[in-house]
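J.: Chain by chain, the residues run as shown.
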Amino acid sequence: MSESIPVYKAVLYSLLLDILQTVLRMIPWSTEPGLYAVGNPDSDSPVVLTCNYDLTVRQVARVLAENDVWLVVAPSSGINVWCAAAGGHFGTHQIVTALKTCGIEAQVNHRRVILPQLSATGVLAREVSKRCGWKVRFGPAYATDLPRYLATGQKNDESMRRVHFRAFERMEMAFAWGFPMALVVVILVAPFRSNWCLPLAILIICTALAIFSLYDRIPSKPGITLSAVITGIALACVWAAGGNIGALLTALIFPGILVALLTFDYPGSTPIAGGAHFEERNWHIVVDAERCRGVFSCFEVCPEACFTKQDNPRFIYHSSPDRCIRCGACIVQCSQDALWFEDEQGQRIEPEQIRRYKLNLLGQRTINTEDQFIKPPV
Amino acid sequence: MSTLALMRWLETTPKRYDKGMHLLTLGRVSSLRDRLVDMAVTGPNCQVLEIGCGTGAVTELLSDRGVEVTAIDQNPAMLELARQRLQNKPDTNITFIECTAAEIDSLPEQSYDAIIASLSLSEMSPSERAFVLHQAALRLKPGGRLVVGDEVRPRISWQRFINLILRAPQALLGWLLVGSISHPIPDLAGELCATGLKVVHEDRWLQDTLAVVTAAKNK
Ligand SMILES: C[S@@+](CC[C@H](N)C(=O)[O-])C[C@H]1O[C@@H](n2cnc3c(N)ncnc32)[C@H](O)[C@@H]1O
Ligand code: SF4
Ligand code: SF4
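Those protein sequence lines, which keep their order, are chains U and B.
Counting in my numbering, the first sequence runs from 17 upward without gaps.
Counting in my numbering, the second sequence runs from 1239 upward without gaps.
Since the hints were made in silico from the structure, they are not lab data.
So the derived list for chain B, only partly shown, Cβ under 7 Å to chain U, looks like this: (1) GLN1312; (2) PRO1314; (3) THR1338; (4) ALA1340; (5) SER1363; (6) SER1365; (7) GLU1366; (8) PHE1369.
It should be emphasised that the depicted structure is a prediction, and the values quoted were computed from it without experimental measurement.
Each residue gets a CB set at the ideal place from its N, CA and C atoms; glycine is no exception.
Using the sequences plus the hints, can you model the full thing?
T.: Listed below in structure tokens is the structure:
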């Protein structure tokens, strides 16, 4: 192994940095793109590629500590895989850039690279191979499954493909939102009422925790229900503490605003809810029976396991449309252009538009507003 | 990161890019572009390669001089604006290619009189930049010029200090206005020399933070 390649060691266990980057994850913390060695890789070792969001790079290096692999960090503007891929910051060009310029080609005698599955909505696998000769395989959705994936002959089973939003992730997200908000509020309030700071910060963090743990479990209008509940709690606390009219009024308005702010982008912050801001157009996935050849790349990359395979004749069913978050990964990867988004009036967004301009409907892509110069055919 | 407001905002950056850049550089970006083109176009019938053409501001200046331009960029939304900007001009000889800068290694060697990179090298990592500059040097004809205009680190220590303090707010502003974070190039002239070219000219603006460096290949 060449001397000049930095070795990524598990020494980088720095819990403090993890916490800091989790609570301030709105800031793009970036690692310098390039080639890193994890363990003691040689010319046959697997090549794993990830984004240059610092927290992710450290996580990947950490879970792989017991393996010998090459880690290629590609430029994604310091944004995490999922958001960068959907937003056009982590796509075919960034992958090609990393593979060609980081020096990996001189280190290995194969040309196979493992990408995070959640990059599938941005990275066009066959285009990468055409442009630089590397064969892309989408690995597990979560870095923690990488050792198992490598140990089991690089096969993704369904549990490795599906995204989830477990208690710990909800907590992380709650702090990612709650902490900066609390910080801003405390800075604004401190000069006038320093004794309000701590209670307000606690209220904000608790609200965020409540929203991220309950949001998808409350039927109908969780924003309003939660606002009411939290406002009630806040009022009760202030009243019990013997607060005056002013304090009671603050307790009445403040939590409502908070909940509104926090729920505003809830779907965009979770991997399990998508497209909340597209309800009015109801875009959905359509499979063209004529074109589908049963290649099953759509099946392989869907993070919500929406598809069911049929083997004879080979065909795919979009069998769980209710779970679909409209990330577009299936459309991007289908070599037959057999998938697209269609709305109730039968209007389509063509696969090519989605590939080129990342016109997926994940979260809130504005595809039918006036101010966007790229418009889908209407 | 996937906040609704920020995503929407960044999504529309290509449209706001030109105004944003003007604001960020306090208008100096125009002098930078003019100088770039002056240094690159040395005669009629020049063949020029532009790396990271963005919305095509430099491409337009080049085409006004009547030279033949190959312009590449990796951002399809930016390229689309560049195409729109130049589509109504008569007699242009421009080829746009959507690709990453590292892919210039598939273009023929010794085939350009000038290669221009305006504000794009500072968006690359050091290893990518080294690769791209090296490949660019190979694509120049003998006597050809590599002309780079970009953000650089000031040479004098007090200016460097001020630059350091202003860095964080500037980076934030840049991210919001033009949707990208650049890293001022520590030693642009040095990196050009490392490719075997000879630095023949250097200009600086804005407290030494913007530079145009011209390097030439031996005849
Ligand atoms: C700040 S803009 C400059 C645009 C234009 N040259 C000007 O002077 O206004 C930088 C451009 O470089 C492009 N760019 C950055 N890195 C690139 C890369 N590795 N390959 C190709 N284009 C790149 C970006 O897409 C963006 O359009
Ligand atoms: S829709 Fe496309 S990717 Fe999916 S099975 Fe059919 S041909 Fe393959
Ligand atoms: S758009 Fe829907 S069906 Fe397609 S990959 Fe994403 S979640 Fe699965």
